[in-house]
Amino acid sequence: DDLVIGSKGDLSIATKDGDFSFAIDGRMMWDTDYYSGVHHNSSSHSDPGSNAFGSELRRSRLAFKGTVYSDWHYKFQYTFNANSGEKNQLEDAYIKYTGWDFADITVGKYKFPFGLEELVSSKHISTIERSAMVEFVRAGRSEQNIQLSNGGKNYSWAFGLYEGEQDENGSELYNLVGRATFAPIVTDNQVFHLGAAVFKSDIDDANPVEVKFTERLSVHTADKINLANTLNANDHIQYGLEAAWMTGPFSLQSEYVSSTWEDDTNEVEYSGYYVQGTWTLTGESRSYKAKKGIFDKISPKGANGAVELVAKFEHGEIDDDRTGAVENAFDNVTVGVNWYVNKNVRLSANYIMTELDEDDANGEDDGNAFSTRLQLIW
Amino acid sequence: DDLVIGSKGDLSIATKDGDFSFAIDGRMMWDTDYYSGVHHNSSSHSDPGSNAFGSELRRSRLAFKGTVYSDWHYKFQYTFNANSGEKNQLEDAYIKYTGWDFADITVGKYKFPFGLEELVSSKHISTIERSAMVEFVRAGRSEQNIQLSNGGKNYSWAFGLYEGEQDENGSELYNLVGRATFAPIVTDNQVFHLGAAVFKSDIDDANPVEVKFTERLSVHTADKINLANTLNANDHIQYGLEAAWMTGPFSLQSEYVSSTWEDDTNEVEYSGYYVQGTWTLTGESRSYKAKKGIFDKISPKGANGAVELVAKFEHGEIDDDRTGAVENAFDNVTVGVNWYVNKNVRLSANYIMTELDEDDANGEDDGNAFSTRLQLIW
Amino acid sequence: DDLVIGSKGDLSIATKDGDFSFAIDGRMMWDTDYYSGVHHNSSSHSDPGSNAFGSELRRSRLAFKGTVYSDWHYKFQYTFNANSGEKNQLEDAYIKYTGWDFADITVGKYKFPFGLEELVSSKHISTIERSAMVEFVRAGRSEQNIQLSNGGKNYSWAFGLYEGEQDENGSELYNLVGRATFAPIVTDNQVFHLGAAVFKSDIDDANPVEVKFTERLSVHTADKINLANTLNANDHIQYGLEAAWMTGPFSLQSEYVSSTWEDDTNEVEYSGYYVQGTWTLTGESRSYKAKKGIFDKISPKGANGAVELVAKFEHGEIDDDRTGAVENAFDNVTVGVNWYVNKNVRLSANYIMTELDEDDANGEDDGNAFSTRLQLIW
Numbered sequence: 115d116d117l118v119i120g121s122k123g124d125l126s127i128a129t130k131d132g133d134f135s136f137a138i139d140g141r142m143m144w145d146t147d148y149y150s151g152v153h154h155n156s157s158s159h160s161d162p163g164s165n166a167f168g169s170e171l172r173r174s175r176l177a178f179k180g181t182v183y184s185d186w187h188y189k190f191q192y193t194f195n196a197n198s199g200e201k202n203q204l205e206d207a208y209i210k211y212t213g214w215d216f217a218d219i220t221v222g223k224y225k226f227p228f229g230l231e232e233l234v235s236s237k238h239i240s241t242i243e244r245s246a247m248v249e250f251v252r253a254g255r256s257e258q259n260i261q262l263s264n265g266g267k268n269y270s271w272a273f274g275l276y277e278g279e280q281d282e283n284g285s286e287l288y289n290l291v292g293r294a295t296f297a298p299i300v301t302d303n304q305v306f307h308l309g310a311a312v313f314k315s316d317i318d319d320a321n322p323v324e325v326k327f328t329e330r331l332s333v334h335t336a337d338k339i340n341l342a343n344t345l346n347a348n349d350h351i352q353y354g355l356e357a358a359w360m361t362g363p364f365s366l367q368s369e370y371v372s373s374t375w376e377d378d379t380n381e382v383e384y385s386g387y388y389v390q391g392t393w394t395l396t397g398e399s400r401s402y403k404a405k406k407g408i409f410d411k412i413s414p415k416g417a418n419g420a421v422e423l424v425a426k427f428e429h430g431e432i433d434d435d436r437t438g439a440v441e442n443a444f445d446n447v448t449v450g451v452n453w454y455v456n457k458n459v460r461l462s463a464n465y466i467m468t469e470l471d472e473d474d475a476n477g478e479d480d481g482n483a484f485s486t487r488l489q490l491i492w
Numbered sequence: 115d116d117l118v119i120g121s122k123g124d125l126s127i128a129t130k131d132g133d134f135s136f137a138i139d140g141r142m143m144w145d146t147d148y149y150s151g152v153h154h155n156s157s158s159h160s161d162p163g164s165n166a167f168g169s170e171l172r173r174s175r176l177a178f179k180g181t182v183y184s185d186w187h188y189k190f191q192y193t194f195n196a197n198s199g200e201k202n203q204l205e206d207a208y209i210k211y212t213g214w215d216f217a218d219i220t221v222g223k224y225k226f227p228f229g230l231e232e233l234v235s236s237k238h239i240s241t242i243e244r245s246a247m248v249e250f251v252r253a254g255r256s257e258q259n260i261q262l263s264n265g266g267k268n269y270s271w272a273f274g275l276y277e278g279e280q281d282e283n284g285s286e287l288y289n290l291v292g293r294a295t296f297a298p299i300v301t302d303n304q305v306f307h308l309g310a311a312v313f314k315s316d317i318d319d320a321n322p323v324e325v326k327f328t329e330r331l332s333v334h335t336a337d338k339i340n341l342a343n344t345l346n347a348n349d350h351i352q353y354g355l356e357a358a359w360m361t362g363p364f365s366l367q368s369e370y371v372s373s374t375w376e377d378d379t380n381e382v383e384y385s386g387y388y389v390q391g392t393w394t395l396t397g398e399s400r401s402y403k404a405k406k407g408i409f410d411k412i413s414p415k416g417a418n419g420a421v422e423l424v425a426k427f428e429h430g431e432i433d434d435d436r437t438g439a440v441e442n443a444f445d446n447v448t449v450g451v452n453w454y455v456n457k458n459v460r461l462s463a464n465y466i467m468t469e470l471d472e473d474d475a476n477g478e479d480d481g482n483a484f485s486t487r488l489q490l491i492w
Numbered sequence: 115d116d117l118v119i120g121s122k123g124d125l126s127i128a129t130k131d132g133d134f135s136f137a138i139d140g141r142m143m144w145d146t147d148y149y150s151g152v153h154h155n156s157s158s159h160s161d162p163g164s165n166a167f168g169s170e171l172r173r174s175r176l177a178f179k180g181t182v183y184s185d186w187h188y189k190f191q192y193t194f195n196a197n198s199g200e201k202n203q204l205e206d207a208y209i210k211y212t213g214w215d216f217a218d219i220t221v222g223k224y225k226f227p228f229g230l231e232e233l234v235s236s237k238h239i240s241t242i243e244r245s246a247m248v249e250f251v252r253a254g255r256s257e258q259n260i261q262l263s264n265g266g267k268n269y270s271w272a273f274g275l276y277e278g279e280q281d282e283n284g285s286e287l288y289n290l291v292g293r294a295t296f297a298p299i300v301t302d303n304q305v306f307h308l309g310a311a312v313f314k315s316d317i318d319d320a321n322p323v324e325v326k327f328t329e330r331l332s333v334h335t336a337d338k339i340n341l342a343n344t345l346n347a348n349d350h351i352q353y354g355l356e357a358a359w360m361t362g363p364f365s366l367q368s369e370y371v372s373s374t375w376e377d378d379t380n381e382v383e384y385s386g387y388y389v390q391g392t393w394t395l396t397g398e399s400r401s402y403k404a405k406k407g408i409f410d411k412i413s414p415k416g417a418n419g420a421v422e423l424v425a426k427f428e429h430g431e432i433d434d435d436r437t438g439a440v441e442n443a444f445d446n447v448t449v450g451v452n453w454y455v456n457k458n459v460r461l462s463a464n465y466i467m468t469e470l471d472e473d474d475a476n477g478e479d480d481g482n483a484f485s486t487r488l489q490l491i492w
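Chains as they are written, first to last, in our numbering: chain A, 115 to 492; chain B, 115 to 492; chain C, 115 to 492.
Please keep in mind that the hints were generated in silico from the structure rather than gathered at the bench. One or more of the hints may lead you astray.
No copy is singled out in the list; a pair is fine if it fits within one copy or between any two copies.
Unchecked claim - Here are the simulated SDA-like cross-link-like pairs (lysine to any residue), alpha carbons at most 25 Å apart as the crow flies: (1) Lys225 / Val323; (2) Lys122 / Asn456; (3) Lys122 / Lys189; (4) Lys338 / Glu286; (5) Lys267 / Val300; (6) Lys130 / Gly416; (7) Lys405 / Ser385; (8) Lys411 / Val118.
The whole structure should be built from the sequences, with the hints applied where relevant.
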């Protein structure tokens, strides 16, 4: 008849013309972390700085998505991580209209367009965790957004209004965000990608936002590290620059981000960059979606899957105006290996070496971690 | 083979004889509200009564439903609105047996049968929000209900026990509710509908229920308005009357409801009515389900969808025995337009004019609002 | 084409070779309980020990499961019981690899292998509730587990590490659990089953676990009964023994369990056993899965379904070292009937007679309950 039904572990059903479709997919990630030093520095431990072990169901998600009348799309995605409500989370709930030539319009809840590593799906990033700087600037996915976006064979752009805090009169404020990418080279195994993004918050002076500068450095079950003291900010701008080059099984990828938060008298800037290289020993190239300006999955060619090596250097630092300010900086080196067993299963191991500029509260200035992930997607 | 599989954006699968089936559907509604005056009267704002803006993912739901052995049905529906647990909600979780001639029996969690506008799906109501009176008398969907119901070509009835509060001995009490409808005229484009419903609560004198008479007046992101002071009630009865007339593209619909709450010495009655008229410019009639005594969807005939105008007048008032009682009354006028772009997508805009009888805490006695909705169902 | 699609109220889709599959199933259980005496003993009631009534949506669950590349399996199951978050629960979220001859490996969240009645699905247990002893030793399903398991025509074994509490240094501790079963007789209508399991907790002396010995005795909406006072334990071991014999429509099933919790000076042992007999009047045998060492569903043969009688005797007792210890013991007799209306629908009624050794706080030493369940699975 006129339906196309598929199952590669997921479920998809569509009319032959593609005008109507429905699909369910999901992901599960099971992680373990061994870590020490600055990664285990909370004073609530009996021996801060010593070795510790943690494991978790990092992401356990279901997504329901579909198309009606060819131009109207929806996606619903929820994280069911735990019994307790706090780790469960609505990831996506949006409606997208693609019937205009000029641009697609998306309303609802979804990731805002800022940063290459952030916009690559967590299923397809090269290291187990995203860079600390990227985690800091991603902010939460707010619930009421509206975005225009478009893209072509070698470019993409997105511009939107993203729900922020209320003003002191109880009215919602909206932040502005925009990203554009350009790829002078795009073939199946050659990519040269450039991108830039900016995010400007609208905050009521009378209703400032409490900003915390504590972060985990790529070890998700470990403790957070204090990089600067909390600021009640009423102004914020952040921008990011992206570059990536891929040839055959090799790729280089780098981002610089700067996020500045101000109150009436002071300013704290958190800036940083990472440089990441990957080498697929089995010869596969990463895939690239020019229309969105992002990298995507690696599809193993051989019966034994694909094996990829990854190395990443990351540097972040604080510039804080306040008297007697904490102004920490960190270097983070990650080396890792990914085994894409098949299109649905991935095993990863990362070794992470961290060094702080200033000692943390427990006098530690470095720390290591060994992390593993088993990932099944469908 | 012997299965019927469908996708109009949803998923449905059934045996040809219909004895076994399974389907997944859902809805997303994205709303914006501009409002002022009594709609923005909380003293927590810097300038109560001034203009404010709010937006929200009003409803984001998934429903799973099916049939086994032709007579046994189930439905499971959950609202995933937000990260925080409080806005997420189990809407339906029930088992229904339809094997008896006399009546269907339904146990579990579902809407209780009271009120025409309440029983019409939120996907298919003519204004963006239901009338304030209807919201007040709908109460929550409790979790343990049991109901007998049946209907025919021009009538419907439902009678049930609905879980209430516990008595002081920790034993569950059940409220009684019943509704009957009769439609002397039912054709595809002509309907004359009459209905009545009653709800009687069983409350232990020693364990009264705290009843709040604060309500939003058809603007969901706005503030609540205080119509009467809180009462610790141990007795409650409410009843409703319904009438509707539809001919071709025109419909008129009206309900009167009265809800009386008592403690040992005092009584507060909240009563009200609305009258609503609709006119589908593109000629379509609303659909009517006589077996349930409710209106349902409008199915656009033309390639550009259907356009419907709606106007509603609503009046609510409090009659409070207590000395020095707040006894507010309100008139609410809504005019709006609905564009049914196709069977799955609807755009709506409503303009709402509200007038209170008594001033609110901030001395306001009126307020306006402009609301929009983008709705995608599948 | 090459897909097999099925619907018996659920949804299943698979490639013909079975290498890829996806399915959605679910369950709903709606219970009522009338109870008195020790089952209604909380001092918060106006008349403890008197009759009370409760009803609930006992389990309302959806499960999503599938297979990719023939050897990789996943299962995701969530309980959506209520509006409030507390009764909602992630039941399963695991990845299983079955590509080794030696054993299957499972990581994530799932039931740990301890106890026959516990491992039989709640859809297929013979009484409405599991034995109180079994509920006590089942503990929660923790979120980070890893297990090896295997089985054959007449045996099964499983051995795993199950996430426990953290030590005082914030590092996760893992408990050990193992179970083995052997069935000297296994045919379609004859089974002789033997099993044993042990569970050893790893608890940091400096971070003891608070253990409560209060339990409901097979009446889920009723009050908990205090069997011993709370202990802050730093050591724990429990073991269980299982035996079952089935011939045609008759089955006998028994378990003994002992759970010992210790602090530095004292020890509390909670031990007990049950003996259960079933007789399917319509002649069907229970089904048995030797590879997992568990009983499973009863499939009715006739058009009117299957009818099963069940009787269970249960005894539990506390042995408490502490001075002036509460050392309660209980006998619980359950008689019941199950009507398997068809493969998806089951009606059950249980009458429960309870007797305590010591009086409870309100001077009661016995109590009765009458419970019913309507269950629909798909």
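Verification of the supplied hints:
1. Lys225 / Val323: within (20 Å within a copy, 40 Å between copies)
2. Lys122 / Asn456: within (11 Å within a copy, 32 Å between copies)
3. Lys122 / Lys189: Both: 19 Å inside a chain and 15 Å across chains, each within 25 Å.
4. Lys338 / Glu286: between (31 Å within a copy, 17 Å between copies)
5. Lys267 / Val300: within (8 Å within a copy, 56 Å between copies)
6. Lys130 / Gly416: between (31 Å within a copy, 23 Å between copies)
7. Lys405 / Ser385: neither (28 Å within a copy, 57 Å between copies)
8. Lys411 / Val118: Classified as within; 23 Å inside a copy, 28 Å across copies.
In the structure shown, a violation is registered for the earlier hint numbered 7 alone.
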